[in-house]
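Colleague: As they're listed, the protein sequences go chains A and B.
Everything in the first sequence is counted per the numbering used here, starting at 1 for the first residue and increasing by one.
Everything in the second sequence is counted per the numbering used here, starting at 1 for the first residue and increasing by one.
In case anyone wonders, no lab produced these hints; they're calculated from the structure.
Please note: incorrect hints may appear among the correct ones.
Listed below are the simulated DSSO-like cross-link pairs for lysine-lysine, each with C-alpha atoms no more than 27 Å apart in a straight line [claimed, not checked]:
(1) K185(B) - K83(A)
(2) K2(A) - K119(B)
(3) K90(A) - K2(A)
(4) K90(A) - K76(A)
(5) K78(B) - K74(A)
(6) K94(A) - K44(A)
(7) K90(A) - K78(B)
(8) K76(A) - K104(B)
(9) K9(B) - K78(B)
(10) K17(B) - K83(A)
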Amino acid sequence: MKVAIASNGNTLESGLDSTFARCNFFVVYDPETRAMEFIPNPNKDLEEGVGPASVQLLESRSVQKIVASEFGLKIKPLLDSLKIQMIVLKESKKTIKEIMVMLNQ
Amino acid sequence: MPRIKTLRKVLNPPVIKGFKPYGPETGNLSPEPVNLLFEEYEALRLCDYDMLNHQQASIMMVVSRPTFTRIYASALQKIARAFVEGKQISIDGGKVYFDSDWYKCAGCGCNFNNPEREKAIEKCPLCGNPQIVSYDFPGDDDEGNARHWEYVCVCPQCGFEQEHQLGIPCSHQVCPKCTHKMKRKGTPGCKF
Chain A
1 MKVAIASNGN TLESGLDSTF ARCNFFVVYD PETRAMEFIP NPNKDLEEGV
51 GPASVQLLES RSVQKIVASE FGLKIKPLLD SLKIQMIVLK ESKKTIKEIM
101 VMLNQ
Chain B
1 MPRIKTLRKV LNPPVIKGFK PYGPETGNLS PEPVNLLFEE YEALRLCDYD
51 MLNHQQASIM MVVSRPTFTR IYASALQKIA RAFVEGKQIS IDGGKVYFDS
101 DWYKCAGCGC NFNNPEREKA IEKCPLCGNP QIVSYDFPGD DDEGNARHWE
151 YVCVCPQCGF EQEHQLGIPC SHQVCPKCTH KMKRKGTPGC KF
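Bound conformation, chain B alone:
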């Protein structure tokens, strides 16, 4: 039995469900579409739209770099086949989960997420209070204003600082002085 695929993280579902060819010949072609998976769409978006390299993009999707390269290659093959054979592309399926955004309710103080990104959240799911704050847009509340992230990783143990590398979470870095896990400078719970 083959190994089970790991779940790939996809930031947002695509804005459209697929693509259709046009032109006088399209009527004679088979209507069978090429199925582009969500993970392949995301790989293409990260690599060629956001211009990340495979290593950075694989970190975003929480898969290994070789797995990412295979997903990306499969995406290119499918798109090429659709172009050459004049097939429709439908973007659907795949072993993915969508990263959901977090909110805080001002009424009951609970935190909650929105698993369906297509629908906007209007009120707290627990107490129905409409005063909710999204964590994605700092500046809406006092807590958000106080949060200024710097591109510096800091060791919470000894205060050693080094420049933050994009694509690598600070917590994956180890302090070279005291081998403690690093943190982003200025984050809550970090004294430096």
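Same shape as in the complex, but just chain A:
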């Protein structure tokens, strides 16, 4: 069960980015094997269609949950049809490391 986290930096001390699709880095984390991968977001500066492009990127890595502080308008129908769970952490000061520790439980 892989989890993607929308991060604003590529360290464990970075926090959640304010948006999902235009975040700086995606952290793909597997709580079972404790493996993690930082993916620089290639779609960050696209004019439009950022949400679907980001979802496609994460789907190709068979992510089943996404943690972000906000999701765009077009994301929900897309994620619902792919059966990916959305976890919304609003105005959270938690770092990537803290979120990973929570996911381990």
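Fit chain B to the known structure of chain A by using the hints.
Modeller: Chain B alone, transformed into the frame defined by chain A:
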């Protein structure tokens, strides 16, 4: 190349996977089933079970009214064919997404949804806390008790009120006095 179909919103998957004919003749018939799509099932449910008209039902499925009528007509044709030719009906496929319900975790304060409606959520997917609250059943927590929706749309700008029309979201209504978008009276973030 034809235009890509828009995703249709379906509230719940049907409780059964399909229907089988019965009787002494059924053995001689071809086992090839009629495939009723999820969107056609939903159209039939909204129209003939929930007794909505096509306009209201099309809003529920987030498609245009003509598209809804085409889906509905196709559903009736398929069911008629299955009845007359004695075929099985299998309910499967279609370009749909299922509307998922939202939950809130009391432990870490996160909101999350459940994309697989068949499985009930028991604990928070983030922190594993079993204290979760579903947004579908107000009354389980204090926040839910405080939420009393009225069937009145109100303008958040000038306070103009009008009766809410079922099937049309308040945010699609425009205030006739100050042309501001309307809101449901009593919703969070609405001062009136």
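Colleague: Hint by hint, note whether the structure agrees.
Modeller: Evaluation of the provided hints:
1. K185(B) - K83(A): Distance of about 33 Å is beyond 27 Å: violated.
2. K2(A) - K119(B): holds (19 Å)
3. K90(A) - K2(A): holds (21 Å)
4. K90(A) - K76(A): holds (16 Å)
5. K78(B) - K74(A): violated (32 Å)
6. K94(A) - K44(A): Within the cut-off at roughly 22 Å; holds.
7. K90(A) - K78(B): violated (46 Å)
8. K76(A) - K104(B): This hinted pair holds, its Cα atoms lying about 17 Å apart.
9. K9(B) - K78(B): holds (20 Å)
10. K17(B) - K83(A): holds (19 Å)
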